Amino acid sequence: MYRYDEFDAAFVRDRVAQFSAQVERRLSGALTEDEFKPLRLQNGVYLQLHAYMLRIAIPYGTLSARQLRQLALIGERFDRGYGHFTTRQNLQFNWIQLKDVPEILSLLADVEMHAIQTSGNCIRNVTADQFAGVAADEIEDPRPVAELIRQWSTAHPEFSFLPRKFKIAVTGAEEDRAAVAVHDIGLRIVRHPETGETGYAVLVGGGLGRTPMVGKWVRDFLPKPHLLAYLEALMRVYNAEGRRDNKYKARVKILVHEIGIEAFRARVEAEFAQLDPQRIQADASEVERIARYFAPPAHADLPDNPPALRRARAANPDFDRWVEQNGFPHKVPGYQAVTLSLKGIGEAPGDISSAGMRLVADLADRYSFGEIRVTHAQNLVLPHIRQEDLHDLWQALAAGGLATANAGLITDIIACPGLDYCALATARSIPIAQALATRFAAPERQREIGPLAIKISGCINACGHHHVGHIGILGLEKRGEESYQITLGGDAGNASAIGEILGPGLVAGDVPDAIERLVAVYLAHRKPGEVFVESVRRLGIQPFKTAFNAEIRHDAA
Amino acid sequence: MTLLDRHGFRPDPFRRLPASEIAGHPAVILPLAELQSGLLVRTGGQRIGIDIANTVPAEEAASLANQVDLIAIAFPGFADGRGFTLGRRLRQAGFRGILRAVGPLIPDQFAYALACGFDEVELPDAVAARQGEAAWLADLSIYRHSYQRDYARGRNILDARRAARNGGAA
Ligand code: HEM
Ligand code: SF4
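Quick mapping for you: the protein sequence lines, in order, are chains A and B. Mind the numbering: the first sequence is residues 1 to 557 in the numbering used here, read in order. Mind the numbering: the second sequence is residues 558 to 727 in the numbering used here, read in order.
Isolated chain A (complex conformation):
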């Protein structure tokens, strides 16, 4: 994992001091509320329905046991004993008092963490594949470049007052687990078809929110030493030309859409041509210094699928199911990555108690080189488990309620905080997730249905990524009542797609039945081995639409 050197450490300390002084200047009236707002947002502090919310960055989703213990402590001391993982590899505390924020930030700095640029109109926390350094389909670990971008984008003098927020995601694997196509910039590490050199393919203009769009290719191959200059050029074009007259049209996706990708590309290239990449890029030795921190841990020489594991799986069907469902193949023989589901049936998706965090931290120390990952599906991952340890790990997790075997299944639901916390919400989302998880709770049923991603947002801002859910649920408000709009066929992976609306909105109580009807169409028509979203692609939306609309009571339409 990356470790701060003296400069990084000094930087976050200076930042804490700066924010403390800004809070004082706000209290004295030197800063108006309007002036203070972007400053607090760029330090992760939101004003929510009931309290302040603090959003903490977990850059590229990598966390150490020590850091997780500190988060547990902060949750206990300053929140209500829990935290909430988000779809952007951040952790949110929902019950914070403004006066405590400087102290929390300094507790974070103690463990090389921060809340810098987790909100506001700036370059946000850079996200990456949660299986970085683990997955066999990886060309290269995306985290060194994500860390380079994190540093370069931190307190950037030119790009801290952008038209709107700006999100960058990176993947180094063939399968896109970082949803790069729905970010303002998506970077894919690729190999040059002729020279074999690794570099970046660059997507621009993806995003969700009220105008969902899939990103477009702006550069097929960017040599590594050109990266920061190219990003600088692209940000400069956006900062100068992105719309500022309407905040709903201010994301780079709208600029790209309005002028077209060719014109956008030409402007970026013209800007790039004036820059000297070498003066902007970090030295090769600095890039290597960062990369060394992400060198794989000292894996032992172990056989795959050892007898102990086989015996335990044969003896215990629950364990067997968990390994099958939540396990992810590790590129090193004898190891496995496992997903710790934060989607226990009936719980709020992404929430974890301080006690749970400590348990995970201890288990990470014991079994996973002290390392934890955070996924954009609001789960945790222990990346480096010896297969022979899986059974012990599973028992310990089960005792703490963290062994739900539903990774990727219908109850592994993504949901934003919605009306329970969020000041912008038009409807609740957590109770919908809870009702659906309860409806589909039976493990055999979930397994029969197979991989299916339900994603729920409590308003059009789409924090729950509903557009890219295989089934998406958007909570709206119609005549004073919550009304849920259902979409079908979205996809966040390589085949990124935006879901289509199925019919009129539903009242909350009708959502589980409607989802049942969609699942029934799939079960009736699927071909062997075909997962839900593949059937949707093959069959088209119509049969689902027909079933969906068959029994709708139109009172919520």
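None of these hints come from the bench; they were simulated from the model. Note that the structure is a prediction, hence the values are computed from the model and not measured. A few of these clues could be false.
To be verified - These stretches of chain B come out as covered by chain A in the derived footprint (C-beta under 8 angstroms, 3 or more residues):
id, segment
1, 632-638
2, 645-658
3, 666-674
4, 696-705
5, 716-724
Backbone N, C-alpha and C fix where the C-beta goes; we use that ideal spot for every residue, glycine too.
Since the structure of chain A is provided, determine the placement of chain B with the ligands on it from the hints.
Chain B with the ligands only, in chain A's frame:
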């Protein structure tokens, strides 16, 4: 309006005048539209500046770079960051005169403005009264080092690391 540079508040040597009235004034700022007529009547040694909007395209800005002594870029609001990019583009185009930011910036942007190539900020008096000189100067010493290379400020982390690797002092 109040003028501020890296040393603090100071009197403004420039006056805003239409081109027809600049005779006898050592340093004037003209509206962009009057630049050519101003240059025609300019006397030796007279310093000429212009006011420009933050929406001036890059190429047009570049063509101004060698004609004037001062360019004043309007910041309509502090959250409108276009001026930072325009300032940076002017410096990139070779402008070596005085670069001024005009508008209700906040002290927390002062170091950013200087890094993007600005020399000074012209503030509405109400802002300067609420956020005094000390607040602005404090912003220049908050960070011991910053991460970006090739911006106009000392002490960047990448070069400090390189120096440390090469055994030198940061
Ligand atoms: C609770 C307080 C929150 C507030 C006030 C909030 C606010 C917003 C707003 C206004 C947008 C729309 C931005 C735009 O269209 O430009 C947005 C989008 C988004 N938010 Fe949140 N959000 C909150 C929590 C969350 C949480 C908990 C998550 C993760 C579960 C999240 C992740 C995202 C994502 C992924 C997007 C979509 C970005 C895109 O448009 O590409 N936010 N949020
Ligand atoms: S989608 Fe809407 S309700 Fe949900 S967290 Fe985002 S802003 Fe709040």
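Please check whether the segment 666-674 of chain B has three or more residues whose CB lies within less than 8 angstroms of a CB on chain A. holds (count 6)
Verdict on chain A covering the segment 632-638 of chain B, criterion of 3 CB contacts below 8 angstroms: holds (count 4)
Please check whether the segment 645-658 of chain B has three or more residues whose CB lies within less than 8 angstroms of a CB on chain A. With 3 residues in contact (Cβ-Cβ under 8 angstroms with chain A), the coverage given for the segment 645-658 of chain B holds.
Given that the segment 716-724 of chain B was listed as covered by chain A, double-check it with a C-beta distance under 8 angstroms for 3 or more residues. Answer holds; 4 residues pass the 8 angstroms Cβ test.
For the segment 696-705 of chain B, count the residues whose Cβ lies under 8 angstroms from any Cβ of chain A; is that count three or more? Per the Cβ count (7), the hint holds.
Of the numbered hints given earlier, the model fails none.
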